[in-house]
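**Student:** Residue strings, one per chain:
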Amino acid sequence: MEPTLKDKVEELIRENPVLLFMKGTPEQPQCGFSMRVVQVLENYGVEYGAVDVLPALQPLREVTAEISDWQTFPQLYVNGELVGGADIVEEMYESGELAEALGIEQPESTLQAAPPAQSPPLQIE
Amino acid sequence: MAISNDEVRLMIEASLPGATVEVVDETGTQDHLRATVAAPQFEGLSRIEQHKLVKQAVQTRFDDGSIHALSIKTSVPE
Numbered sequence: 001m002e003p004t005l006k007d008k009v010e011e012l013i014r015e016n017p018v019l020l021f022m023k024g025t026p027e028q029p030q031c032g033f034s035m036r037v038v039q040v041l042e043n044y045g046v047e048y049g050a051v052d053v054l055p056a057l058q059p060l061r062e063v064t065a066e067i068s069d070w071q072t073f074p075q076l077y078v079n080g081e082l083v084g085g086a087d088i089v090e091e092m093y094e095s096g097e098l099a100e101a102l103g104i105e106q107p108e109s110t111l112q113a114a115p116p117a118q119s120p121p122l123q124i125e
Numbered sequence: 126m127a128i129s130n131d132e133v134r135l136m137i138e139a140s141l142p143g144a145t146v147e148v149v150d151e152t153g154t155q156d157h158l159r160a161t162v163a164a165p166q167f168e169g170l171s172r173i174e175q176h177k178l179v180k181q182a183v184q185t186r187f188d189d190g191s192i193h194a195l196s197i198k199t200s201v202p203e
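Going line by line, the protein sequences match chains A and B. If you use my numbering, the first sequence corresponds to residues 1 to 125, in order. If you use my numbering, the second sequence corresponds to residues 126 to 203, in order.
One or more hints might be untrue.
Straight-line alpha carbon distances no greater than 20 Å define the calculated EDC-like cross-link-like pairs of lysine to aspartate or glutamate that follow [said to hold, decoys possible]: (1) B:Lys198 to A:Glu105; (2) B:Lys198 to A:Asp52; (3) B:Lys198 to B:Asp156; (4) B:Lys198 to B:Glu138; (5) B:Lys198 to A:Glu108; (6) B:Lys198 to A:Glu47; (7) A:Lys6 to A:Glu47; (8) B:Lys177 to B:Glu132; (9) B:Lys177 to A:Asp52; (10) B:Lys180 to A:Asp52; (11) B:Lys180 to A:Asp87; (12) B:Lys180 to A:Glu62; (13) A:Lys23 to A:Glu94; (14) B:Lys177 to A:Glu47; (15) B:Lys198 to A:Glu94; (16) A:Lys23 to A:Asp52; (17) A:Lys23 to A:Glu47; (18) B:Lys180 to A:Glu91; (19) B:Lys177 to B:Asp189; (20) A:Lys8 to A:Glu42; (21) B:Lys198 to A:Glu97.
No wet-lab data here; the hints were simulated from the structure. Computed from a prediction, not measured in an experiment: that's the story for all the values here.
All chains, full assembly: derive it from the sequences and hints.
**Tutor:** What follows is the structure, encoded as structure tokens:
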């Protein structure tokens, strides 16, 4: 029998310790909330799988509602469990809980971009 | 269709007795709201479970289109 969409989603969740369902791709997020989660994951430097939900938005809403009782995207799964969307991910990033869930050290740097490179001192001859 | 901050607050308070709830309108259009909720019922629950409780409290107003987006911040009261 052909695997259903639900089977496929469950398999992805099982096989990717860190899995993000998002609108767009990490390179080109199509939604600010998805982009915020990508930034957190990139900042951790963890390996993660990313699924673009836009090509099958409504079916994926229905499937994730069934699996996790949650139907908005992004959705971040860690070790098979739904962690949350952008609000929860950012909150857990700031508190260090997400690093703990991922089994990594909380990085020193914050979400802000790297400080601007020091410009060379100007001199007036 | 819009909904007042107070109506959302009352729905959450009714569903989570004893909770401290603050609701603000994020965009000035009354359909993108932010709720900050501290509820004793959150004790021992994961964040996602806490958020689900808040969402469930106002689900009917999502379903009828009154609310498009609700940002949620949860905590367990000290």
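**Student:** Look at each hint and say if it fits the structure.
**Tutor:** Evaluated hints:
1. B:Lys198 to A:Glu105: 24 Å, violated
2. B:Lys198 to A:Asp52: 26 Å, violated
3. B:Lys198 to B:Asp156: Holds, at roughly 17 Å.
4. B:Lys198 to B:Glu138: Roughly 15 Å separates the two Cα atoms, so the pair holds.
5. B:Lys198 to A:Glu108: 24 Å, violated
6. B:Lys198 to A:Glu47: With a Cα-Cα distance of about 27 Å, the restraint between Lys198 (chain B) and Glu47 (chain A) is violated, given a limit of 20 Å.
7. A:Lys6 to A:Glu47: Violated. Lys6 (chain A) to Glu47 (chain A) sits at ~24 Å, over the 20 Å cutoff.
8. B:Lys177 to B:Glu132: 18 Å, holds
9. B:Lys177 to A:Asp52: 23 Å, violated
10. B:Lys180 to A:Asp52: Violated: Lys180 (chain B) and Asp52 (chain A) sit about 24 Å apart, past 20 Å.
11. B:Lys180 to A:Asp87: 13 Å, holds
12. B:Lys180 to A:Glu62: 17 Å, holds
13. A:Lys23 to A:Glu94: With Cα atoms ~23 Å apart, Lys23 (chain A) and Glu94 (chain A) exceed 20 Å; violated.
14. B:Lys177 to A:Glu47: 28 Å, violated
15. B:Lys198 to A:Glu94: The hint holds at about 13 Å.
16. A:Lys23 to A:Asp52: Given that 20 Å is the threshold and the Cα spacing comes to 5 Å, the pair holds.
17. A:Lys23 to A:Glu47: The given pair, whose Cα atoms are some 18 Å apart, holds under the 20 Å limit.
18. B:Lys180 to A:Glu91: This hinted pair holds, its Cα atoms lying about 17 Å apart.
19. B:Lys177 to B:Asp189: Since the Cα atoms of Lys177 (chain B) and Asp189 (chain B) sit roughly 18 Å apart, the hinted pair holds (cutoff 20 Å).
20. A:Lys8 to A:Glu42: 25 Å, violated
21. B:Lys198 to A:Glu97: With Cα atoms ~15 Å apart, Lys198 (chain B) and Glu97 (chain A) stay inside 20 Å; holds.
Checked against the numbered hints listed earlier, the structure breaks hints 1, 2, 5, 6, 7, 9, 10, 13, 14, 20; every other hint is satisfied.
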